[in-house]
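Visitor: Sequence:
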Amino acid sequence: MTGHPIFASIYDRLLADSERAGLREMRADLVHTAAGRTLEIGAGTGANLEFYPDGVTELVLSEPDPHMAKRLRIRLESTSRAAEVVAAGAEDLPFDDASFDTVVSTLTLCTVADPERAAAEAKRVLKPGGQFLFIEHVRDQEGTRRARWQDRFERPWGWFAGGCHPNRDTRRLLVSTFETVESTGLEFPGSGTALVKPMISGSARR
1 MTGHPIFASI
11 YDRLLADSER
21 AGLREMRADL
31 VHTAAGRTLE
41 IGAGTGANLE
51 FYPDGVTELV
61 LSEPDPHMAK
71 RLRIRLESTS
81 RAAEVVAAGA
91 EDLPFDDASF
101 DTVVSTLTLC
111 TVADPERAAA
121 EAKRVLKPGG
131 QFLFIEHVRD
141 QEGTRRARWQ
151 DRFERPWGWF
161 AGGCHPNRDT
171 RRLLVSTFET
181 VESTGLEFPG
191 SGTALVKPMI
201 SGSARR
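When you line the sequence shown up against our numbering, it's residues 1 to 206, in that order.
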């Protein structure tokens with residue numbers, strides 16, 4: 001897999017304004033509730049690493065893009081957090097059924113090639129009662145001007161943003177996949193994020 005070398009090299013800088021404007025706090029609020037054996041899908045460059053609590057007994061980070069994974073490993077080496085980095089996409093996780101207590105996804109389901117399969121895989125590897133923690137930007141309400149712009153600019157936005165789809169109805173996907181879903185509507189912080197402004201954060205249970 002060739003990945004996106006240029007996008008990986010500028011990813012942290014692209015999100016820096018949003019992280020300072022509140023995305024970092026959103027990550028912290030979400031990830032501190034992880035517990036037990038935990039898997040993060042699409043771990044990227046490791047923006048969530050510092051927020052995992054002591055209640056996480058084992059941490060596995062899956063990242064299919066080799067350029068992202070390289071930066072993830074470098075960041076991991078600079079921390080005291082023990083974790084395993086696995087080169088695997090969210091649609092085909094190399095783990096046994098019901099083998100994790102928590103699965104984490106932050107800004108991942110917008111990019112995967114097959115979000116339905118990725119959500120099904122997250123559910124598959126969760127233990128009964130396990131939690132899927134997420135922060136994802138989502139499609140605006142149907143019929144709004146922003147939703148129309150999300151559709152219109154889906155392809156050029158993807159070229160710029162490493163394959164991201166701004167118009168995915170991810171909440172509906174999660175509701176159709178998991179038994180229970182609790183989510184809060186948010187807005188993507190920072191400037192230059194109009195297409196991906198609507199967000200959700202929350203948890204789903206198997």
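None of these hints come from the bench; they were simulated from the model. Source: prediction; values computed, not measured. One should not assume that every hint holds.
[Stated by the list, open to error] Think about it this way: if two alpha-carbon atoms lie no more than 30 Å apart in a straight line, the pair counts; the simulated DSBU-like pairs of lysine-lysine are:
| no. | residue 1 | residue 2 |
| --- | --- | --- |
| 1 | 123 | 197 |
| 2 | 123 | 70 |
| 3 | 70 | 197 |
Visitor: Keeping to a limit of 30 Å between CA atoms, is the pair of residue 70 and residue 197 held or broken?
Guide: Holds: residue 70 and residue 197 sit about 29 Å apart, inside 30 Å.
Visitor: Is the hinted pair residue 123 and residue 197 satisfied, with a Cα-Cα distance of at most 30 Å?
Guide: Since the Cα atoms of residue 123 and residue 197 sit roughly 27 Å apart, the hinted pair holds (cutoff 30 Å).
Visitor: Check the hint pairing residue 123 with residue 70 against an upper bound of 30 Å on the C-alpha distance.
Guide: Holds. Residue 123 to residue 70 sits at ~27 Å (cutoff 30 Å).
In summary, the structure agrees with every hint in the numbered list given earlier.
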